[in-house]
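**Student:** Under the UniProt record's numbering, think of the first position of the sequence shown as 1, with each following residue one higher.
I should point out that these hints are in silico values taken from the structure, not numbers from a laboratory.
Note that this is a predicted model, so its numbers are computed, not measured.
Each hint should be verified, as a subset may be incorrect.
Stated by the list, open to error - With a cut-off of at most 27 Å between alpha-carbon atoms, the simulated DSSO-like pairs for lysine-lysine come out as follows:
id, residue 1, residue 2
1, K27, K11
2, K38, K27
3, K112, K27
4, K20, K112
5, K112, K11
6, K144, K23
7, K23, K38
8, K23, K11
9, K41, K27
10, K11, K144
11, K112, K38
12, K27, K106
13, K106, K20
Unchecked claim - Pair ranges (Cβ atoms, derived):
id, residue 1, residue 2, range
14, T81, G101, 39 to 49 Å
15, M90, L14, 12 to 22 Å
16, E35, T81, 12 to 22 Å
17, V98, E12, 30 to 40 Å
18, G101, Q16, 17 to 27 Å
19, A95, L134, 31 to 41 Å
20, Q132, A94, 51 to 61 Å
21, Y164, E125, 57 to 67 Å
22, T39, N118, 37 to 47 Å
23, D142, S165, 31 to 41 Å
24, L107, Q133, 29 to 39 Å
25, Q16, A95, 23 to 33 Å
26, A136, E160, 54 to 64 Å
By construction, the Cβ of each residue, glycine as well, lies at the ideal position given by its N, Cα and C atoms.
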Amino acid sequence: MAQQRALPQSKETLLQSYNKRLKDDVKSIMDNFTEIIKTAKSGRKAGEGPSRWLEPAVWIQLASLLGCTAIEDETQVSRATQGEQDNYEMHVRAANIVRAGESLMKLVSDLKQFLILNDFPSVNEAIDQRNQQLRALQEECDRKLIALRDEISIDLYELEEEYYSSSSSLCEANDLPLCEAYWRLDLDTDSADGLSALVLASPEPSAGPLQAAAPAHSHAGGPGAGPTEHA
Numbered sequence: 001m002a003q004q005r006a007l008p009q010s011k012e013t014l015l016q017s018y019n020k021r022l023k024d025d026v027k028s029i030m031d032n033f034t035e036i037i038k039t040a041k042s043g044r045k046a047g048e049g050p051s052r053w054l055e056p057a058v059w060i061q062l063a064s065l066l067g068c069t070a071i072e073d074e075t076q077v078s079r080a081t082q083g084e085q086d087n088y089e090m091h092v093r094a095a096n097i098v099r100a101g102e103s104l105m106k107l108v109s110d111l112k113q114f115l116i117l118n119d120f121p122s123v124n125e126a127i128d129q130r131n132q133q134l135r136a137l138q139e140e141c142d143r144k145l146i147a148l149r150d151e152i153s154i155d156l157y158e159l160e161e162e163y164y165s166s167s168s169s170l171c172e173a174n175d176l177p178l179c180e181a182y183w184r185l186d187l188d189t190d191s192a193d194g195l196s197a198l199v200l201a202s203p204e205p206s207a208g209p210l211q212a213a214a215p216a217h218s219h220a221g222g223p224g225a226g227p228t229e230h231a
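Produce the entire structure from the sequences given, and follow the hints as far as they go.
**Tutor:** Here you go:
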């Protein structure tokens, strides 16, 4: 089944067929239009005026009223018959012109389809132009991202400088990392809390001598009482 199918025409053969169709359609339009003009001119002369273009029935009635014979000569057809023949010929040639015009429109559509499907240089050129536009857009985005990165770096540097200058009173070095600075700050806070707890737990200075004098007094009274009891 597939072998019975006709092989696709090559591009050269297809273009030649398009060219032949174009010439044939244009020639058909020109020939038919020229013949219509010739028929109109010859009909005017043969009919002796506008009466040539009257309907056949009207012409026969006028001829009978004027006493004219329907046939002037044995070798000639009647004017009504000739007029009908010319009218039919004009209709046919006009239809041929319309058909040739439709064929030209179909030819234009086929040419557009052929160009879209087979015009690879134009397609490649369009692809290259689109790629260039996209590359330019990518480069612009890269430039904007680089500028944004630089601005962020400057802002971060200023923030770090501000942080280190404000925390210099709590940290020994200004070049410490942030994590170590926070760790030392926590250690300083814990040591300060421990010192305050020791101060609160220590006794008052006035209570010390009183507690120390009490044992001395009891010790002095003990030996004195011994001899008294012994006496």
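**Student:** Would you check the hint for K106 and K20, treating anything up to 27 Å between C-alpha atoms as holding?
**Tutor:** OK: K106 and K20 at ~14 Å, within 27 Å.
**Student:** Holds or violated: 30 to 40 Å for the Cβ distance of V98 and E12?
**Tutor:** Given about 31 Å between the Cβ atoms, the range holds.
**Student:** Indicate whether the distance between the beta carbons of Q16 and A95 respects the range 23 to 33 Å.
**Tutor:** holds, 28 Å
**Student:** Would the hint linking K41 and K27 be met if the CA-CA limit is 27 Å?
**Tutor:** Roughly 21 Å separates the two Cα atoms, so the pair holds.
**Student:** Using the beta carbons of M90 and L14, state whether their distance is inside 12 to 22 Å or not.
**Tutor:** Once the Cβ atoms are compared, 36 Å apart, the range 12 to 22 Å for L14 and M90 is violated.
**Student:** Against the 27 Å threshold, does the CA-CA distance of K23 and K38 hold or violate the hint?
**Tutor:** holds, 22 Å
**Student:** Between Q132 and A94, is the Cβ distance one that fits in 51 to 61 Å?
**Tutor:** Holds: the Cβ-Cβ distance is about 52 Å, inside 51 to 61 Å.
**Student:** Are the Cα atoms of K27 and K11 separated by 27 Å or less?
**Tutor:** Holds - the C-alpha atoms of K11 and K27 are around 24 Å apart, at most 27 Å.
**Student:** Taking the CB of Y164 and the CB of E125, does the distance hold inside 57 to 67 Å?
**Tutor:** holds, 59 Å
**Student:** Between the alpha carbons of K38 and K27, is the straight-line distance 27 Å or under?
**Tutor:** With Cα atoms ~16 Å apart, K38 and K27 stay inside 27 Å; holds.
**Student:** Can you confirm whether the C-alpha distance between K20 and K112 stays at or below 27 Å?
**Tutor:** holds, 17 Å
**Student:** Is the gap between the beta carbons of G101 and Q16 within 17 to 27 Å?
**Tutor:** 22 Å Cβ-Cβ, so the 17 to 27 Å window holds.
Of the hints listed earlier, those the structure fails to meet are numbers 6, 10, 11, 14, 15, 19, 26, in rising order.
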